[in-house]
Structure formats: structure tokens, C-alpha cells
Amino acid sequence: MPVRPDLMKTLMACPVTGSMAGLAAALALALTVAAPGFAQQTAPQPDGPPPRAQIDPRQVQPVERSQFQIQDFSQLRPVRPETQERDPRLAVIDWTAAYSDRARQLAALRQSPATTAATGAPAQGFQPQISDRSRERIQPVNMPVLLPTPASGESITTRAGGEAGMMLVTRAYFYDAAWSVDGMSVQVNGTRLINHRGTAVARAAGLDRGRGADGYRIVTNESGLTADFSRYGAAYTVTLECGSGTDPRCADEVYLRDLLGRLIVAGGNPDGEG
Amino acid sequence: MSYQRDAVMAAIAAVLGGAALIFYPSGGAGDPSSPPVDIPDATPDESPDETSDESPDTIPDPDPEADPAPDPEPAVAMDESGSQFSYDPPGELTKYDYRDDAEEVGFSGIGFEGAANFDRNYVFAPGMDWPLEERGFPNSQVYRPGGYQSAGGQCDIANYDYPWQDNFCETRGHGNAFCQTGRGHQGQDIRPASCPPVTGGAHMAVAAADGYISNIGSISVWLRDGESGRTYWYMHLNHWDSCGDPATLSQAQCNSGGIASICSGNALEVEVGDEVSAGDLIGEVSNWFGIGWDSGRNRCVWRATTEHLHFEIHDTVSPDGDTAASMRVPPYSSLVMAYLDRLSADPALYPEWEEAEY
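Protein chains in written order, with our numbering: chain A, 1 to 274; chain B, 1001 to 1358.
Please note that a few of the clues may not be correct.
To spell it out: a stretch of chain B is covered by chain A in this simulated footprint if at least three of its residues, at any positions, have a beta carbon under 8 Å from a beta carbon of chain A; those stretches are [unchecked claim]:
no.: 1; stretch: 1170–1179
no.: 2; stretch: 1212–1220
no.: 3; stretch: 1243–1257
no.: 4; stretch: 1285–1293
no.: 5; stretch: 1317–1327
In case anyone wonders, no lab produced these hints; they're calculated from the structure. Ideal Cβ positions, reconstructed from N, Cα and C, are used throughout, including at glycine.
Excised from the complex, chain B in its bound form (with noise of 0.2 Å):
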């Protein structure tokens, strides 16, 4: 008999437990400053036993202000080395002096504010794909650390962190139709994923669409997209495997055709014109920028930046739907959808920018 009593009991028992189970699920899930804790699973296979000989109608209809949902955790996107992707909006630049430590209205220019029928937020290039073949950050190489306008060493962490910042319009001196000043930055810095004086090793640039190589300059290699037409520059890349000495170059030499005559061998992977598939490696991201004749020191010398891609896109706006104009365009909004892309985010991730039709 003890035994009937006992399992009777714990019958009793377990279908109250179940149903208290399927209806408290867990004390703390509607508090989010409780720690995780494992939810009991409540799919069907759980649920009472169809079997049962209770019937369904005497089991009272859950509240759904006492059954709260966990709150779905928010959608990010991750990067390949575990880090969260996050961007500073289209057309802001970078406010922080670091070398007094304090923030400043203009500090480096005033971004692309949007033009008549651009929104600062338009993406130009739909469809470009990342141009790099890792991870990376895109922010200024003249107010951030290591640049003539700003304290500390280029490969401080600062620099290789999210989130991204634009520059396109940062205070220049070179014409750029899209800035409120007739003048600025032309295009958009990017960091590669890590400082090479630093962690060592090649990062490489690849190409953001289908295309060709229309020409390879001193510093620069742009790339035909076959099919919208735009053009993509890629400045900085390692040019060259072997350079002499160019303090032996006269005045005259380094002036003009310098380069030619002490260095040799391509060290890009690409030659003008090559055709390639978006994704296909194009060259180094590097510090390179050629030489320069220094009248203080009175010798040719090498020039150097940053390391890092300085990437424009040269596009076509016409002004009153008959006429093609050439122009660089603001490049970050589209780095920004690229970049999404490339690490496959959520949809909900993606801002609802208006993009080009084509």
C-alpha cells in the first residue's frame, strides 16, 4: 500500500511540478539584471501528456502579463576576431584633439552634410564589396594617433578599434565639390586589422568589384568597376620589391622619374590591365608614397604615411539628367553596407539609407 500512497504522491507531484514549470518558467526571466539561467525547454514534447487523463480545459489559460518573453538578445555583427562592428554615422568626423585630451566643435572639418538631393547618408555604390581582405577600420590618419595633427604612435590601440569614423572632407587643401568648403579630404582612410610595425605581416586590399585595372600609378592603382562604370582608387599599396637608396638620386632625378631608376619588380598582384572578380587580391596596404626632393636636407628622400588604404570612388552625377560630370563621391555609407555584407549581419542591421539605383 505504501508504495501505491507513494507513487500516487508522486504523480500528484510531478504533474503540478510540470504545470508550475510550464507556467513560472523561470523567476527571473523578465529581470534583466538577473544573471542567465537555464531556461527549462518547453516545446511540445515537454507539455503535458496528451495521454493524460486531465483534460486540457482544466488547465487554466497562461496570463501573458505573468509569462513574460525573454527579451531577444539585439542583433550585432561580429567581426573575424570576435569584436563587435560598430560606426560613427555618415558625414561626422572626428572632434577629439588628443593632444590636449579635449573635444572641439570642427576640430578636423565639417563632413559631407548632404547635397540638394544627396543625403549625407546616400550610398553611391551599392553592391561594392569590402576592400580589404580582413578586417579593418576606417578612420583619420591625421587627428587620430600618429598623425601631424594629433599626439601618441600610429599603431596605438585607439587606432584599430570600432567604432569607424569618415573622413571624407576632413580639413585638405584639395578640392572636393561634396564638402561645404570646396575643399577636403577626397576619399576615406582605412586602417588594416592590425599595425604592421607592430604585429608584423601582410594585409592585403582586393578588389570591390568586377573589373579591370585601368592604370597603376606611382602610388596608386584604380580599378574599372565592368559594370557600373565607377572607379576605385587604392593609394599606399606596396608598389615596388626592391628600392635603392634614393639619396643617390640628383634634384633633377628625384623630380622626375626617380622612382624608375631604384626601384624594381611589382610587388602588387595585379597589372594594369588585368581583369579580376571582386575579392581578388590586389596589393599590400603599406605606408608608401613615393619620394620627394627635401631642400632642408638638401637629398631625395622617401616619403611616408600612415599604414593604411586611402580609398576614393570616382563616379558619375549628372546635374541635369542629359549630362555625365565626373566627381569623387562620399565613400563611407557604402564602406559601411559593404561591410555588413561581409560579415553576413543580421538584416536588421542594415540602416535604411537610400541607395543608388544602380
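Next comes chain A alone, as it looks inside the complex (with noise of 0.2 Å):
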């Protein structure tokens, strides 16, 4: 699948000019796993079936907000299309449409007063950036992943006993962010692997059950609300879980839709580690 010229452009082009100096340590956690760019090319993996997934120590470790690094996008290498030959259990991923939004979504986020892309919400002092760390944990994804950028006035922390920030777990094919906003559990994950085949008879007997025209199909669960969405050809699921059973935002899907419209890219790579 080719790189259009214009976007290719756009990605060698996105620069980051601002410093660290002024960004709250809290948004500055939140945006720097909101924004980071397509991960440089890696060697092409071997044909066959998907290897099981290597566990990396460091990408299980939760984001801490003092190993932050600024990083220019300037540095980053264009990306390159996918080169590996179809794996029948792997969704075909429409990178042209990942590069296309992200381009969109960054040229949104830098305007100053800035906004965000969907929702409208300042995005105080916003600087594309990205932790090293960060951008080692998601750069072998083989998938776009889609993380939010920050609501206003939120403070993003975890559970007691566990570490503050948002938790950020990747596999070659898959991906789990985590975290907790006022007492409420968020969790966005993403995953490129097919288990099952259904038909179109399938489909239309039901398997789009709830679906809206969207494509998001959004549920109430026994703890909180559920959204499901196929996006570049990934599956892509959005969850909400609140301690309090009369937690509004639980109840109605005002604050998940919110959520749902801050998502960008936030990296992935074509060639990924395999």
C-alpha cells in the first residue's frame, strides 16, 4: 500500500518547537502518550504465522511522568508501508487512512489557542511530544493506536497502590491503556488479530447487533458502558467502569462520546516488530 507524497511530506515535516517549560507535570503525562509519532521503520518480520508475543519489561512498566523526555518529531524517519505478506489472521490495517487522520489531528492540536481535534476542549499549551519511553513501548505495535488527548481540568491517576499515571501495555498486535479519573476506570485498547471468521450471513444475522451508523456500537454493562469500533481495519474498545452505581458517568454515554471524539493517532508502525 503507497504512502501518498503529500502525506509522506506532512510526516517528515511535523516539527515540534516548544519546550517543557510551562506544562503542568499532569497534562504533560496525558498528552505525551496522546501524540507521539509513527515509530521508525523496523527490519521486515518473516512469513508465518504471528509469533508469540515476547514480553518486554518495558512495556509493562506505567508511565511515570519524571522519565518525560521532549522529543522532536523532526528526528523521526518517514514511515513506509507495509511489506510482509498477508496473515490471514491479521486485519488488513489501512494505514493510508491512519496517516491521513493523524496529519489532521496534529495540524488541529498546534493551533494556538489550540483545541482539541473533536471536542473543543483547550489543549493548554499543547506540544506534540513524546516520551522515550512511551514511544519504545508503542513503537512495535503493528496496528494504529489510538489513544485520547486530555480533557480539560482532568487529572489522570491509577488505583490505590499502584503507580500514578496511565498504565500503557503493548504487544506486537495488540495494545491496553489504562487509568483512573476521579474515582472512575478508563480503558482503551486496540487489537489487529482476527480469532474467529464470521460471513456477511453472519453480520447480517446479528453480529452488527447495537451497531450505530457511527460504527461505534456503545452498551451498558453490569459496572459501566462499553463502546466497540473498527477503525483502519482494527478492532478498537473503549471501556468506562465506575465504583458508584449511580456514577452519571456511567449511566448516560455524554462523557464516553466525549472520550471517543478525543482519540487520535498516537503512533504505530507498519513494519512493526512482529
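The two chains are supplied separately, each in an independent frame; assemble them into the complex guided by the hints.
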């Protein structure tokens, strides 16, 4: 799948000119993982089925704000399209659409005074940036990684006993990001693996039950709300879980839809580590 | 002479008796109604002595019709308490209304009946491990004793016995694409080995696969299978070491973030991000369901369910072969297979259900 020259140019020219000064730590925490670039290419994987996912200790550490470092996007080399042969277990990724969305999202986020791409919420002092450790975790993921830009005034934590910040765990073909906002658990995850094959008949028979015209299937569950959707060919799920059965954030779709609107392409690698 | 005659007679009697024992081993062996009897061992060691003067040719061929082999004992799978494992078929929900002791078709809803190329028995998570440390009893928390659509108490012995019952798609208001109505229970409820309010003790949930803890919410623990990419949801595990009185919370606190202000200490065996191996402890099965504002009593209260593990499998199904779509999938068949594995069941006991390739 070729990369359009104009997008390549956009990706190569993506500059970062801001500094760390003035960025609140909590905002940096979220923003750091919100808008990293696509990782640079890696060696193509050999043919054959996906190997068993390897555990990389770097990939299971929580984001620690003390280790953030600003990265200049101009240092990132351009990406190239997927080159390996199609594995039937892997969904086909529309990288061109992912590149296009990312360029549009970053352009919107760089505006000053900036607004987030979808919500209109102020993105105070936002500069596209990425930490070394976050980038290291996102780099091997062989699919577009969606993460949200922060909502105004939100403070990201983890539950008691955990380390502060957003938990980001990645593997070659899936990833999980989890954090807590004022007692509500939020999780965003994605996967490119296809474990079962339905058919158009199956879809018509109901496997798409509940999916709206916008592509989101939002359902209540025993502890909150879940939205699932397919984008760029991959499957994504966003889950809210509330410890209170009367928390309005888990009772209606307002917060969830706002979060869905704040998701941007944070990274991914067409070649991945496979 | 008499001694010699007695010896000869004894030898003849022994030969005839031995032959009779070989060819007519036990008079009741073919009669299932007969009580068990000790069957003389007819191993080669007990065959007529090869040094006997009698030629083997002189021994009549045994008549197969007259020599019925004992019926083999049917294979069964026994759990650690000596109970025989049995289960109702996937998709068959309870029809029994304990309130009026009557059966009614569709009483608790309509189970997963299969969708297009997914049979009702299809095993979505082959190779998954049983998610409890001990034996357990999948069945309904709502329509069995102690549930709000039933009578009696949750510790009723009927809830802690076989056969298992599916309750995926049981009548609920939550969206579920696999259910005929588009709504229904999104997982499988599993009671622990015994009912803690009566028996005490802790019953532990364990990792169903190698992977990592991808999230811990206020009610649930999520385990990502590091190989298949499936996610297993564990709900209602005991989350906190200690909690204060929720009645001290204002309505605003109760509705948002209140738990963190009255509860402390991680009672789970894992933290988010932990890598786990199949069988590792995750946490204690409990009735934990958080808090909520009771407008009738105008105060914040505990919410509680019955003592059970609510277990879900989140997986990917492609409708076109190219695109991945996430959804909750029926877990019951996978649990049956996992339990048979756990019991090291005879291969003959495994149902011939289609299993997912991955």
C-alpha cells in the first residue's frame, strides 16, 4: 500500500518547537502518550504465523512523569507501508487513512490557542511530544494506536496501590491503556488479531446488532459502559467502569462519546516487530 | 493306594475346576443387575500349565456368546470433592421458577442458539484454563435460589451442585450481539466451591491464560491473554483490604470517586500491568459491587451481589475476513472444555464441539 507523497511530506516536516517549560506535569503525562509519531521502520518480519508475543519488561512499566523527555518529531524518519505478506489472522490495516487522520489531528492540536480535534476543549500549551519510554512501547505495535487527548481539568491517576499515571502495555498486534479519572476506570485498547471469522450472513444475522451509523456500538454493562468499533481495519474498545452504580458518567453516553471524540492516532508501525 | 487315588482325583478335579473357572468366570457377569462379584483373574499366569499333558487342542473354543465381557464402566469425571461433573448443554438456560416450583420455557430468557457459522457449541477460547483455583458451579445468580427472580437463599445446596447451567444471554438489559433479542447477560456467572456466608474461607480466581493484567477497575479485573489477544473479565472480586462507612459520603461523593476516599489497600493478588501465568492467583471471589446513592434512604450504601465470579471473554470476530471487530463471546463451551482439562477427564468425555483455530 503506497504512501501518498503529500502525507510523507507532512510526516517528515512535522516539527516540534515548544519546550517543556510551563507544562503541568499531569497534562504532560497525558499529552506525552497522546500524540507521538509513527515509529520508524524496522526489519520486516519473516513469513509465517504470528509468533508468540514476547514479554518486554519495558512494555509493562507504567508511564512515569519523571522520565518524560521531549522528542522532536523531525528526528523521526518517515514511515513506509506494510511490506510483509498477508497473514490471514491479521486484519488488513488502512495505513493511508491512519496517516491522513494523524496529520489532520496534529494540525488541529498545534493551533494556538489550541483546541482538541474533536471536542473543542482547550489543549493548554499543547505541543506534540513523546517520551522515550512511551515511544519505545508504541513503536513495536503493528497497528494504529489510538489514545485520547486530555479533557480540560482532568487529573489522571490510578487506583490505590498503583503507580500514578496512565498504564500502557503493548504487544506486536494489540495494546492496552488504562487510567483512572476521579474514581472512574477508563480503558482504551486495540487489537489487530482476528480469532474468529464470521460471514456477511453472520453480520446480517446480528453480529452487528447495536452498532450505530457512526460505527460505535455502545452498550451498558454491569459496571459501566463499553464502546467498540473498527477503524483502519483494527478493532478498538473503550470501557468506562464506575465504582458507584449512580455515577452519571457510567449511566449515560456523554462522557464516553466525548472520550471517543478525543481519540487520535498516537502511533503505530506498519512493519512492527511482528 | 488310597493316597495315590485321592491325589489323582484331586488333580482331575483341579483341572476341571480350572477349566470351568476359565470358561464360565462368573455366573452373573453379564447381568447388570447382579451385585459386583470378585472375578477370578484369568491372566496368562493362571492359564493351564503349558507343561500339562493335556493338549491345547483338546480344550474347546470358548463360545463368545456364552462369555460376555463385563460392561466397561462409563467414563466419568470426578472433581476434588468426589462429585461427578455434569453440565447442561450450551445455550440452555434455566427454565425452573423456584418461586412456584414450576418449569416454564423461556423463563430466564433464550440462550445463544448459534449465529450463522458459529454453532451454539462453538468453543471460542480453546486452551483457556478454568478461572478458579477450586471447583465451581456456573449457573444463574438471578433465577436460582437467592436471586431476585427466585426464592430461597444463595447458599441453597442446589446452587452448589452439578449440572452446570449456561447463563449467557439470560434476560438482562445490556446489549449483546449474540443474543436473539440483542440484549442479555454478557458473561457467565460462576459460584465458587462453597458458599462463603455458610462455609467461610476464601475461594480464589486464577488467571485463565498467560498474559498481563490490562486494567483494574472499581469492580473488575481485566486479563489480556498474551498470545491470543483475548481479554478475560473478572468481576466482583474482593478489591479492598478495608473500607469505611459509605453513609459518611455526600451524594456527590457517592456518585463520583467516593470509594477511593473510604477504601484502602489492595486486596487483589495483582496490580495493573502485572504479568501472570495461567493459574496464578488473581483475587478472592466475593459479592463486591461498589457503592451507590439510595435516593429512598437518602444516603450512600453498599451494593452487593451474590458470592460469585462474573466471567466474560472479549474477542475478535471478523465479518469479512479483513476487518477485526471486538465483542463479548459466549464463554460456556470454553469453560466446559477447561474444566474437563482441569479434571484430567477421559478423552471420551470431551464433547465433539468445533473449536476456534486460535
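Cut-off 8 Å, C-beta pairs, minimum 3 residues; does the coverage of the stretch 1243–1257 of chain B by chain A stand? holds (count 4)
Go check the stretch 1170–1179 of chain B versus chain A for me, would you? Three or more residues, Cβ under 8 Å, otherwise it fails. Holds, because 6 residues of the stretch 1170–1179 of chain B bring their Cβ atoms closer than 8 Å to Cβ atoms of chain A.
So is the stretch 1285–1293 of chain B in contact with chain A by the C-beta rule, three or more residues under 8 Å, or is the coverage claim wrong? With 5 residues closer than 8 Å to chain A, the stretch 1285–1293 of chain B meets the three-residue bar; holds.
Checking C-beta pairs, does the stretch 1317–1327 of chain B have three or more residues closer than 8 Å to chain A? holds (count 11)
Tell me if chain A covers the stretch 1212–1220 of chain B under the three-residue, 8 Å CB rule, please? holds (count 8)
Hint compliance for this structure: every hint is met.
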